[in-house]
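> Residue strings, one per chain:
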Amino acid sequence: MALEILSKYDRQIIFLVVLILTFMPAFYPIGLPLPQYFLTNKVYDAINSLKPGDLVLISFDFAPGVWVELGIAMKDIMQHLFIKRARIVIIAFDPNGPALAHRVLNEIDLKGAVYGKDYVVLGYIPGFEAGMAAFVSNPKMFTVDYYGNPTADMPIMNAFNTIGDFKMYIFACYTWVDPWMRQFSGKIDIIIGVLSADIVPQVMPYINTGQLYSLIRGSRGAAEYEQLLGIKGEATAFMDAASLTVSLGVILTIVANYGYLKKKLGGRR
Amino acid sequence: MSWVRRREIPLIIFAVTFLISLLQYYLAVPFLSEVNTEMTNWVLIMSTFALGTGLIALCIYHGKIIMQKKSGYFVSIILFISMLMLFISYYAAPSFADYLYNEIYTPLSIAIICFTAFYNYTAIYRAFRVRNIDAAVFAFAAVFLMMLYAPIFEVILPQTATVANWILDVPNMGASRGVIIGVALGTIAIAVRVLLGYERAYTG
Amino acid sequence: MSEVITPLIVGTLTLMAWSLLYRENVFYRIAEVLMVGFGMGYTLYISLSTLNRVWFQPLLSGKWWLIIPAILGLLLYTIYSRRYMFLSRWAMAAIAGAGSGYAVSRAIPVMIIGQIEGLAVKFSELSALDLANHIIATIACIGTVAYFTFTKEHKGWFGGLTRIGRWSMMLAFGSTFGATLYANQIFTIERAAFLAKYPQNLLLIIAVLFIVYDLFIRKKR
Numbered sequence: 001m002a003l004e005i006l007s008k009y010d011r012q013i014i015f016l017v018v019l020i021l022t023f024m025p026a027f028y029p030i031g032l033p034l035p036q037y038f039l040t041n042k043v044y045d046a047i048n049s050l051k052p053g054d055l056v057l058i059s060f061d062f063a064p065g066v067w068v069e070l071g072i073a074m075k076d077i078m079q080h081l082f083i084k085r086a087r088i089v090i091i092a093f094d095p096n097g098p099a100l101a102h103r104v105l106n107e108i109d110l111k112g113a114v115y116g117k118d119y120v121v122l123g124y125i126p127g128f129e130a131g132m133a134a135f136v137s138n139p140k141m142f143t144v145d146y147y148g149n150p151t152a153d154m155p156i157m158n159a160f161n162t163i164g165d166f167k168m169y170i171f172a173c174y175t176w177v178d179p180w181m182r183q184f185s186g187k188i189d190i191i192i193g194v195l196s197a198d199i200v201p202q203v204m205p206y207i208n209t210g211q212l213y214s215l216i217r218g219s220r221g222a223a224e225y226e227q228l229l230g231i232k233g234e235a236t237a238f239m240d241a242a243s244l245t246v247s248l249g250v251i252l253t254i255v256a257n258y259g260y261l262k263k264k265l266g267g268r269r
Numbered sequence: 001m002s003w004v005r006r007r008e009i010p011l012i013i014f015a016v017t018f019l020i021s022l023l024q025y026y027l028a029v030p031f032l033s034e035v036n037t038e039m040t041n042w043v044l045i046m047s048t049f050a051l052g053t054g055l056i057a058l059c060i061y062h063g064k065i066i067m068q069k070k071s072g073y074f075v076s077i078i079l080f081i082s083m084l085m086l087f088i089s090y091y092a093a094p095s096f097a098d099y100l101y102n103e104i105y106t107p108l109s110i111a112i113i114c115f116t117a118f119y120n121y122t123a124i125y126r127a128f129r130v131r132n133i134d135a136a137v138f139a140f141a142a143v144f145l146m147m148l149y150a151p152i153f154e155v156i157l158p159q160t161a162t163v164a165n166w167i168l169d170v171p172n173m174g175a176s177r178g179v180i181i182g183v184a185l186g187t188i189a190i191a192v193r194v195l196l197g198y199e200r201a202y203t204g
Numbered sequence: 001m002s003e004v005i006t007p008l009i010v011g012t013l014t015l016m017a018w019s020l021l022y023r024e025n026v027f028y029r030i031a032e033v034l035m036v037g038f039g040m041g042y043t044l045y046i047s048l049s050t051l052n053r054v055w056f057q058p059l060l061s062g063k064w065w066l067i068i069p070a071i072l073g074l075l076l077y078t079i080y081s082r083r084y085m086f087l088s089r090w091a092m093a094a095i096a097g098a099g100s101g102y103a104v105s106r107a108i109p110v111m112i113i114g115q116i117e118g119l120a121v122k123f124s125e126l127s128a129l130d131l132a133n134h135i136i137a138t139i140a141c142i143g144t145v146a147y148f149t150f151t152k153e154h155k156g157w158f159g160g161l162t163r164i165g166r167w168s169m170m171l172a173f174g175s176t177f178g179a180t181l182y183a184n185q186i187f188t189i190e191r192a193a194f195l196a197k198y199p200q201n202l203l204l205i206i207a208v209l210f211i212v213y214d215l216f217i218r219k220k221r
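Just so you know, the sequences run in chain order A, B and C. For the first sequence, counting from 1, position 212 maps to 212 in the numbering used here; every step adds exactly one. For the second sequence, counting from 1, position 110 maps to 110 in the numbering used here; every step adds exactly one. For the third sequence, counting from 1, position 105 maps to 105 in the numbering used here; every step adds exactly one.
Misleading hints may appear alongside valid ones.
Stated by the list, open to error - In silico DSBU-like pairs for lysine-lysine, Cα to Cα no more than 35 Å straight-line:
1) A:K51 with C:K219
2) C:K63 with A:K167
3) A:K117 with C:K63
4) C:K155 with B:K70
5) C:K220 with B:K69
6) C:K219 with A:K167
7) A:K232 with A:K167
8) A:K8 with A:K111
9) C:K122 with A:K42
10) C:K219 with A:K140
11) A:K264 with C:K220
12) C:K122 with C:K155
13) A:K263 with C:K122
14) A:K262 with A:K8
15) A:K51 with A:K232
16) C:K197 with A:K232
17) A:K84 with C:K63
18) C:K63 with A:K187
19) B:K69 with C:K219
20) C:K219 with A:K8
21) C:K122 with A:K187
22) A:K140 with A:K42
23) A:K51 with A:K8
24) A:K8 with C:K155
25) A:K111 with A:K140
26) A:K8 with C:K197
27) C:K155 with A:K262
28) C:K197 with A:K111
29) B:K70 with C:K220
30) A:K263 with A:K42
31) A:K263 with A:K232
32) A:K140 with A:K51
Honestly, the hints are just simulated from the structure, not real lab data.
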């Protein structure tokens, strides 16, 4: 009887269990410890070793729908960059990038950084890979910034002439990283990817060759980064629920296959 | 004026832009570099114009629904109202536009993306079966990666993370490297096919 | 005031979107078109502001010849006319051509040579375990490339190699699937964390009552 109900309403039951497991830690936080990933530490160390005034190029290449995966991580990283007093140039190869960068800048402590002197938002660069290539060949391609201000008067724009003048490039994306690697690899010494967790397995060859210096694996990486920064941020709060719900995936895989294999092997006998 | 309809024109445009952007990388010819810079500028302008094409398609689709007063046409009216509201507020009241974008649009986008998660679970329960050795290998990696992303497993049983990281760093890395090399060769092959006129997705 | 109203609006919209999990309904459609509408509004704004930066400002500064790419860009809109559709191919071919040129030129040094270089290591610098791992990764890579070779029949030693390639790819795809489950789930977790807070948590009670009422009505029918 119970099995019948389970098989008839399996979809609804699974939805309900997922919802319960998702909501439970939101009401009753467990506070599970969070192990660190060495690549997150590598990003932290690289940013930590920056000297005041070092130029960092950042591109926001994601849509608002993946804000949780990438936006929070970018907030943590940008906060660290402002603490280290790095000079930041922000671009975007996704139309939504400038709006999301604007949001990040509004939500973090800028540590007294001045717009135009310490950081600038150059805005969206159209054409995707053609846009990347254009920016790499001439980083001073725009005469006005995202807000419509002329860039010629900005001190930060006089701090670089070629792409090689940037010490570090950090990009946040949720698709295959090949276009970023093709255009930026070898042009800037340290390239860091803030990537959606599902992209991570596909970029491991670039990590292996050093073409991609290191990466942050989505919100999980953000939580680890918050731990390194010593703050209890947004991403950390999600990790309890992540443990419970992703465990459900493991359990469902085992349950579904146990039943299937039992039936199959039983049939053979 | 029938020549303007000839299929060779887009093919020639493709070939010229392709060869300029390709050759400028390998040949250190200042003239080619200058031409490439200007051409890229042109392409960026055209790409910006291209952003509006999807917008027009949606406007035509929903405009038709409203004009013909099809069932649920008020939903299309809401679409136009929300579109104009955000667009106008970017010029009239930028802080309100930020509010709409950050406080309404972003969480709403996240809420709609959520469905994929729910369906992932039902997909696992209904379709994730170890029917052969390939599926078993697939399931093995999937389970360990799930464990890697659920911190509880790594805390209780650190060996799960060791296995998952080994999968990521060794066989997954090797296979992904093969895929990357394959993708690069495929990119080159497709470009050659377009140049030879076999692929007409872009050139008509 | 907005500290109460905004979470209530967003909470309502989130539950309207999630109502699809219960069944297809008009609330979900409203949430969906609101999202699309805002997306369209933003795209319209960013298109115009980008045009101002990349085209209009340089044009005003004396680069009159930039009128030509603008005309070509406008020709893209002939895609909606069956008669003049062919004109949209011109700009499309230029965009695709330049994009492909950049991709191909850099794919060779970065994706092919760069990755093949990754296969070459100094054996003397590796420990026995690292060497074993490197050999496995190299075989997986060669096997994967071999799997996509269709000019030779997948039989004998070559068949064995392609089988190893297929298993390696299964491990890679499985890894991606496992990570995808987490990546997708985190969105639900964020929304749940938001809905669990006051005052939007009151909406959860209303939503449950709504579903119970609907179930009751449907059963009665």
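> Does each hint hold? Answer for all of them.
Results for each hint:
A hinted pair counts as satisfied when its Cα atoms are at most 35 Å apart, and K51 (chain A) with K219 (chain C) does not qualify at roughly 69 Å. Distance hint between K63 (chain C) and K167 (chain A) is fulfilled; the C-alpha atoms sit about 33 Å from each other, no more than 35 Å. At roughly 29 Å between alpha-carbon atoms, K117 (chain A) and K63 (chain C) fall within 35 Å of each other, so this suggested pair holds. A distance of roughly 59 Å separates the Cα atoms of K155 (chain C) and K70 (chain B); the hinted pair therefore is violated under the 35 Å criterion.
The suggested pairing of K220 (chain C) with K69 (chain B) holds, with an alpha-carbon distance near 33 Å, which does not exceed 35 Å. Note on K219 (chain C) and K167 (chain A): the hinted pairing is violated, with a Cα-Cα distance of about 66 Å set against a maximum of 35 Å. For the hint linking K232 (chain A) to K167 (chain A), the alpha-carbon distance of about 29 Å falls within 35 Å, and the restraint holds. In summary, the hint linking K8 (chain A) to K111 (chain A) is not supported, as the alpha carbons are separated by about 57 Å, beyond the 35 Å threshold.
A distance of roughly 24 Å separates the Cα atoms of K122 (chain C) and K42 (chain A); the hinted pair therefore holds under the 35 Å criterion. With a CA separation close to 67 Å, the supplied pair K219 (chain C) and K140 (chain A) exceeds the 35 Å bound. Between K264 (chain A) and K220 (chain C) the CA atoms are separated by roughly 42 Å; this puts the pair beyond 35 Å, and the hint is violated. At roughly 33 Å between alpha-carbon atoms, K122 (chain C) and K155 (chain C) fall within 35 Å of each other, so this suggested pair holds.
A C-alpha spacing of about 51 Å is found between K263 (chain A) and K122 (chain C), which places the hinted pair above 35 Å, so the restraint is violated. The hinted pair formed by K262 (chain A) and K8 (chain A) meets the criterion: a straight-line CA distance of about 20 Å does not exceed 35 Å. Restraint check for K51 (chain A) and K232 (chain A): satisfied, since their Cα atoms lie roughly 26 Å apart, inside the 35 Å limit. Among the hinted pairs, K197 (chain C) with K232 (chain A) is consistent with the structure: their alpha-carbon atoms are about 17 Å apart, no more than 35 Å.
The suggested pairing of K84 (chain A) with K63 (chain C) is violated, with an alpha-carbon distance near 41 Å, which exceeds 35 Å. A C-alpha spacing of about 30 Å is found between K63 (chain C) and K187 (chain A), which places the hinted pair at or below 35 Å, so the restraint holds. The suggested pairing of K69 (chain B) with K219 (chain C) holds, with an alpha-carbon distance near 32 Å, which does not exceed 35 Å. Distance restraint check for K219 (chain C) and K8 (chain A): the Cα-Cα separation of roughly 18 Å lies within the 35 Å cut-off, and the hinted pair is therefore satisfied.
Proposed proximity of K122 (chain C) and K187 (chain A) is supported: the alpha carbons are some 26 Å apart, at most 35 Å. A distance of roughly 30 Å separates the Cα atoms of K140 (chain A) and K42 (chain A); the hinted pair therefore holds under the 35 Å criterion. A distance of roughly 62 Å separates the Cα atoms of K51 (chain A) and K8 (chain A); the hinted pair therefore is violated under the 35 Å criterion. This hinted pair does not check out: K8 (chain A) and K155 (chain C) have alpha carbons roughly 45 Å apart, beyond 35 Å.
The straight-line distance between the Cα atoms of K111 (chain A) and K140 (chain A) is roughly 26 Å, inside the 35 Å bound, and the hint therefore holds. Among the hinted pairs, K8 (chain A) with K197 (chain C) is consistent with the structure: their alpha-carbon atoms are about 34 Å apart, no more than 35 Å. Taking the CA atoms of K155 (chain C) and K262 (chain A), the gap is near 34 Å; set against the 35 Å cutoff, the hint holds. The hinted pair formed by K197 (chain C) and K111 (chain A) meets the criterion: a straight-line CA distance of about 30 Å does not exceed 35 Å.
With a C-alpha separation of about 30 Å, the suggested pair K70 (chain B) and K220 (chain C) falls inside the 35 Å cut-off, and the hint holds. A distance of roughly 48 Å separates the Cα atoms of K263 (chain A) and K42 (chain A); the hinted pair therefore is violated under the 35 Å criterion. Taking the CA atoms of K263 (chain A) and K232 (chain A), the gap is about 48 Å. The hint is violated against a cut of 35 Å. Distance restraint check for K140 (chain A) and K51 (chain A): the Cα-Cα separation of roughly 23 Å lies within the 35 Å cut-off, and the hinted pair is therefore satisfied.
Hints 1, 4, 6, 8, 10, 11, 13, 17, 23, 24, 30, 31, counting from the list given before, are not met by this structure.
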